[in-house]
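Could you slot chain R onto chain X? The hints should help.
Same order as they appear, the protein sequences are chains X and R. Heads up: the first sequence begins at -17 in my numbering, then just goes up one per residue. Heads up: the second sequence begins at -17 in my numbering, then just goes up one per residue.
Hints are computed from structural coordinates only; laboratory data are not their basis. Each hint should be verified, as a subset may be incorrect.
Copies of the same chain look alike in the list, so a pair counts if it works inside one copy or between any two.
Stated by the list, open to error - Heads up, simulated SDA-like pairs for lysine to any residue below, C-alpha to C-alpha not over 20 angstroms straight-line:
no., residue 1, residue 2
1, Lys529, Ala0
2, Lys85, Pro379
3, Lys342, Glu238
4, Lys267, Gln(-9)
5, Lys(-14), Lys410
6, Lys37, Ile117
7, Lys254, Thr490
8, Lys518, Asn334
9, Lys(-6), Asp281
10, Lys404, Glu79
11, Lys404, Gln108
12, Lys(-14), Lys404
13, Lys267, His298
14, Lys37, Glu232
As the structure is a prediction and not an experimental result, all values here were calculated from the model.
Protein chains: 2
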Amino acid sequence: MKLKNLVSQRFKENPSDAQIASHALMVRGGYMKYVGNGIFSEYPILRRITSKIEKIIREEMNAIDGQEVLFPVVMPADLWEESGRYNSIGRELVRFEDRNRSKHVLGMTHEEAAVQLVREYASSYQQYPFMIYQIQRKFRDEARPRAGMIRVREFTMKDAYSFHTSQEDLEDYYQKCYDAYNRIFKRAGIPEVVTVKSDSGMMGGSVSHEYMLLTAAGEDTIVLCKECDYRSNMEAAENTVINENAGEMEELACVETPECKTIEAVCEFLHKDILASCKAVVYQKNMDDAYVVAFVRGDYEVNETKLRNLVGEEIHPADITEDAPIVAGYIGPYGISDKVTYYVDLSLKGINSLVAGANKEGYHYTGLNLERDLDKVEYVDIAKVQEGGICPCCGKPSLAISRGIEVGNIFQLGTKYTRSMKMQYMDKDNKLQYPIMGCYGIGVGRLAASICEAKHDDYGPIWPITIAPWEVHLCCMRPDNEDVRKVADGLYEDLQKQGVEVIYDDRTSVRAGEMFADADLIGAPIRVVVSPRNLKNNVVEVTTRDKSVKESVALDQALEFITGLKKQMIEAIEN
Amino acid sequence: MKLKNLVSQRFKENPSDAQIASHALMVRGGYMKYVGNGIFSEYPILRRITSKIEKIIREEMNAIDGQEVLFPVVMPADLWEESGRYNSIGRELVRFEDRNRSKHVLGMTHEEAAVQLVREYASSYQQYPFMIYQIQRKFRDEARPRAGMIRVREFTMKDAYSFHTSQEDLEDYYQKCYDAYNRIFKRAGIPEVVTVKSDSGMMGGSVSHEYMLLTAAGEDTIVLCKECDYRSNMEAAENTVINENAGEMEELACVETPECKTIEAVCEFLHKDILASCKAVVYQKNMDDAYVVAFVRGDYEVNETKLRNLVGEEIHPADITEDAPIVAGYIGPYGISDKVTYYVDLSLKGINSLVAGANKEGYHYTGLNLERDLDKVEYVDIAKVQEGGICPCCGKPSLAISRGIEVGNIFQLGTKYTRSMKMQYMDKDNKLQYPIMGCYGIGVGRLAASICEAKHDDYGPIWPITIAPWEVHLCCMRPDNEDVRKVADGLYEDLQKQGVEVIYDDRTSVRAGEMFADADLIGAPIRVVVSPRNLKNNVVEVTTRDKSVKESVALDQALEFITGLKKQMIEAIEN
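The shape of chain X in the complex, shown without the other chains:
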């Protein structure tokens, strides 16, 4: 297509609200248009990219026997009441009433719909295993949409659901899907995506993995071991702390600590090491506002996901009222009200003398020994891993913290949804069983933005040829020169006849600098320039967007050279 006909707007300046490169470049290049908070339209250039990504995803899902279906965006609430998620999910689930005051939700994921579609169908073990998937719009009312297409409220997602008659069969299929996902990211041009173990969160289930593109611009925190293959997202990362009989044993003493409301302030005031302090972090249960206190060593942060899993229900940071059974700033495990549920982190184990709140305004204990002073103490893992922490896999203190963008995820769901929604099949022995599910997601727009994040320079995206909006960007410098136009027009026709996707810039009123800047923003992997100067030497100039190729090619060989280069670039990615 001709660039002058392309519907899109390009800008010279980065948008002021863009904090990451992909967002800035995709707005500047006319890929997307802000419609509302976390809601965008896709211009034709981005739609070409997302269509190609969708095609790759479809091919790989079909290759592992996936069957494409379509679930609705809008679902009656009763479907979500069956699974229990109508009540358990927070405000990210949009709920509304239709004209008959009947309650509905907007799909943010489709486990319920998947079970509803197949629960009568799959009544015999002989029909298993199977996998169904869709590529469909979803809406998640995120509190803080950000980073352009990375965290939006409305998005296109491929979501797949597999059904099995045994955990073993699920694990087999899970592995197939794991491999299919690696092929998808490879074919989309970002083979560097890594998998990390993750927490299943509200999805239920046990084993799950996230596919992470490691980048400082990412919003997820990932824990990687420098010495072995261990990788986990922060939420799921196991924290190992060894305090073997650390510090002197002291007597328990209640001391005045006026105006010391943080653990750092207390330690400074008492001249105590923060590594021998017990920090309290307070939450409340969503259901009844009951207080939950997490105690961790003073230098650690609470891993809310691990805590939530322990509590077994949704929690939120506490709002400590005056009549609360705890005293903000002075909470400690010794003498704490029995109205409060508390958890003691592993990082506190083996410390002989702790500083801890005295549960009394203005006072702390020193010399607290948990095992000596408490009736009973049970240690749990509720702290976030730290840089240099001990790897739970190889045992070396070699954990590194990194940032990443989650570009896909796969879950072993178990029977959470089939049980709650009463989906059963008859097994070989004529017994009713609940099928075991897996689910597998990829956000299409986020993947496009992540590829841009991974592949760009200051001037624009460097799209991998497999998902680029066009394969060749053809520039006709001086289309008013009859010879130049003739050669460029001819090349445009010939390349298209060879099945090459060409964006053709034959604008007359545009300077070379603007032409090249636009080509950079559009990011087609191969650029071909026809100019009066080149034509004098009977050549055209062929360069790649990533600057690895820059050649003057004889006119009569240009077609062959370009199609060859295209083939080579595709093979470099696909093979």
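Then chain R, alone, in the frame of chain X:
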């Protein structure tokens, strides 16, 4: 794929709630699953069909220089406030608040989003014309979803928007799109679709056409002339009535008509011809509940669309209260309260003596002559056309009323949206102008169901090969017979290698009758049967779903015969 692995449920009985064949067959054949009122999931078999329809639509839209984009399903209300539709559209527009109490709507059409996407981009006349389109989910909160996929609340739609600098240019493009639509329906296997003039309704604009599949199961009423090319939907059909000085002139008289609440009852009671009666139909304006009375000849019905266009705002059937300025059952144009707006239909013109309500409980007038007795009378066209009515085009009394399903529509929108949303461009003379828009819609699921409605028999759909879920249905009768299985398996492999889409039924525990019943419900155009009996004669049986072909083909010629038949069937549709 193998039929035994296909995720879907087939039923022997028609569902009790299905009133039309496509609905019944598409439920029985496992194409769709009810999720909620007017909300369905698509099983793989239907998704294959809708994917093929989407592909045809994309090809034809691209062929007329359409550029694919994607608008969001969820839009902020302010976008719809700009166009005025946030308030003017009724309850079919879903409105909800997000977590920040910010108002949003679910897109039921995307004129606002289209203008928002391009209004900064298309600032110069040089960028025109252009057309953008999307294939996306939409939600319309229909009061009465019905007929399976024909009238649903959530649906996939292709909607296109074109932008022009002159009415002439719009009309040129409109014609291109008109032709593209005809190609789409032809390629989808229903070339018999006709176009009718239609009312633009809430879309605004003037000229518009609907593409109608004529079928008794349709929910739209269409007016066709048997003598000329005139076609219109009922809403837009011009009504011509000629009463030239009809009946005797009488004196106006107020007569008692006790208990006569309908015009039929009055005419019977007074022994008057209904063709000389004046019927009142009462509405109220949505905005302020003001009464609007439509007077038509006793045998006519009111065309609410034409009336609404005259009134210039939304109206609804009246709820006549006790303090209303009109008396239900006794309303007439003579002596009517000046608080009431009334319209007199053309069908009342030229009748010398009418029976009409006396605006007094229990009384009617006889001998009413509108032109003699009213101060002023203006006739308007607000009645529905009748069978045998006069064609506004050729003037003959040859109008026929037919039923149809609307499978697509195209509108000349004018500047309604560009004006209200302040989209302007600079013309050649440096003057700011509002672009002129066209818009063009096709419902994908409804089209699939309409094709089924047009092409089926009692046993299932007869899918046109261009959109069929599979091209060939291969039945292996007695897969336990080694020779049979070998031939069938071989054919399955070979056909797929030739690029033929095959659904392969090699189920062991299924009788021939069930196999064929399932094949009928799946509706693949070509059926190939490998059986012990056929193999004795070294043949396979090839039949078409529409029964036009039924041949025993020698084994060694089967592959060539089937691929040839496929090619021939495609060509018969596409050429």
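Each hint, compared with the structure:
| no. | hint | verdict |
| --- | --- | --- |
| 1 | Lys529 <-> Ala0 | neither (26 angstroms within a copy, 62 angstroms between copies) |
| 2 | Lys85 <-> Pro379 | neither (52 angstroms within a copy, 51 angstroms between copies) |
| 3 | Lys342 <-> Glu238 | within (10 angstroms within a copy, 93 angstroms between copies) |
| 4 | Lys267 <-> Gln(-9) | neither (48 angstroms within a copy, 43 angstroms between copies) |
| 5 | Lys(-14) <-> Lys410 | between (65 angstroms within a copy, 17 angstroms between copies) |
| 6 | Lys37 <-> Ile117 | both (10 angstroms within a copy, 15 angstroms between copies) |
| 7 | Lys254 <-> Thr490 | neither (74 angstroms within a copy, 78 angstroms between copies) |
| 8 | Lys518 <-> Asn334 | neither (85 angstroms within a copy, 90 angstroms between copies) |
| 9 | Lys(-6) <-> Asp281 | neither (45 angstroms within a copy, 68 angstroms between copies) |
| 10 | Lys404 <-> Glu79 | neither (26 angstroms within a copy, 33 angstroms between copies) |
| 11 | Lys404 <-> Gln108 | within (19 angstroms within a copy, 61 angstroms between copies) |
| 12 | Lys(-14) <-> Lys404 | neither (57 angstroms within a copy, 24 angstroms between copies) |
| 13 | Lys267 <-> His298 | within (6 angstroms within a copy, 50 angstroms between copies) |
| 14 | Lys37 <-> Glu232 | neither (67 angstroms within a copy, 77 angstroms between copies) |
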